[in-house]
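Using the working numbering, you'd call the opening residue of the sequence shown number 7 and step up by one each time.
These are calculated hints, taken from the structure and not from any lab test. A couple of the hints might just be wrong.
Label pairs and their in silico Cβ distance ranges [what the hints assert, rightly or not]:
| no. | residue 1 | residue 2 | range |
| --- | --- | --- | --- |
| 1 | 113 | 83 | 16 to 26 Å |
| 2 | 66 | 180 | 21 to 31 Å |
| 3 | 113 | 166 | 18 to 28 Å |
| 4 | 181 | 42 | 39 to 49 Å |
| 5 | 38 | 67 | 37 to 47 Å |
| 6 | 76 | 44 | 38 to 48 Å |
| 7 | 128 | 174 | 33 to 43 Å |
| 8 | 38 | 74 | 38 to 48 Å |
| 9 | 42 | 173 | 23 to 33 Å |
| 10 | 145 | 55 | 17 to 27 Å |
| 11 | 64 | 99 | 18 to 28 Å |
| 12 | 177 | 41 | 51 to 61 Å |
| 13 | 131 | 43 | 16 to 26 Å |
| 14 | 76 | 43 | 34 to 44 Å |
Cβ atoms here follow ideal geometry from the backbone N, Cα and C, with glycine treated the same way.
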Amino acid sequence: MMCLRSIRTQIALLWVPFLLFCGSSCSNKQVVSEAERKALMDRGAEVVGSAQTELGSALQQQLKDSGVLHAIAYCNEHAAGITAGVSERSGHKVYRRSLKYRNPLNKPSDIEKNALKVFEYALEHEQPLHPLLQWNEADSSFLYFAPIVVQPMCLNCHGTRDNGLAQETFERIISLYPKDKAFNYEAGQLRGMWVVEL
7 MMCLRSIRTQ
17 IALLWVPFLL
27 FCGSSCSNKQ
37 VVSEAERKAL
47 MDRGAEVVGS
57 AQTELGSALQ
67 QQLKDSGVLH
77 AIAYCNEHAA
87 GITAGVSERS
97 GHKVYRRSLK
107 YRNPLNKPSD
117 IEKNALKVFE
127 YALEHEQPLH
137 PLLQWNEADS
147 SFLYFAPIVV
157 QPMCLNCHGT
167 RDNGLAQETF
177 ERIISLYPKD
187 KAFNYEAGQL
197 RGMWVVEL
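Take the sequences, apply the hints, and build the full model.
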């Protein structure tokens, strides 16, 4: 039988992601109906699905056709253009953010850091990952956040430098991203997240 102290601890832990995520913006959040919220979540998922499919397909093709070194250069030159194309076609800005970013343009804002911490917390406590929706008071829009989890293929460029990442791969990455932080990942870890401005 679970003691009262243990139950209180579990209840407190459940509040941690909410408090981390909302911060001071909760008092100013935009109130929407459940139907409106579902429509926003569905639209965010649709935009992320398009971006993820286009970027993932292009990367897989480059890996298959030309190998890891060429795929790194391809990502450096074309990833931003692919997501910009999805943004233009969807009418919603979409981009990626990470606490351990490779491209400095993917450095998260404070509100984005909080969302990433919620996803990290969920993974650390073996809770399911679900997209989040946050009202952004700064520009009166909703932000849709969808987690990106490391897949085995990702380890070609984001794996452990000491024993998993080939030296020539590491050297190519550093030549393109001198301040790279996006390494030492394992499959199943949080790589970052997609953000859609709705």
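If any of the earlier hints don't hold here, list their numbers in rising order. 9
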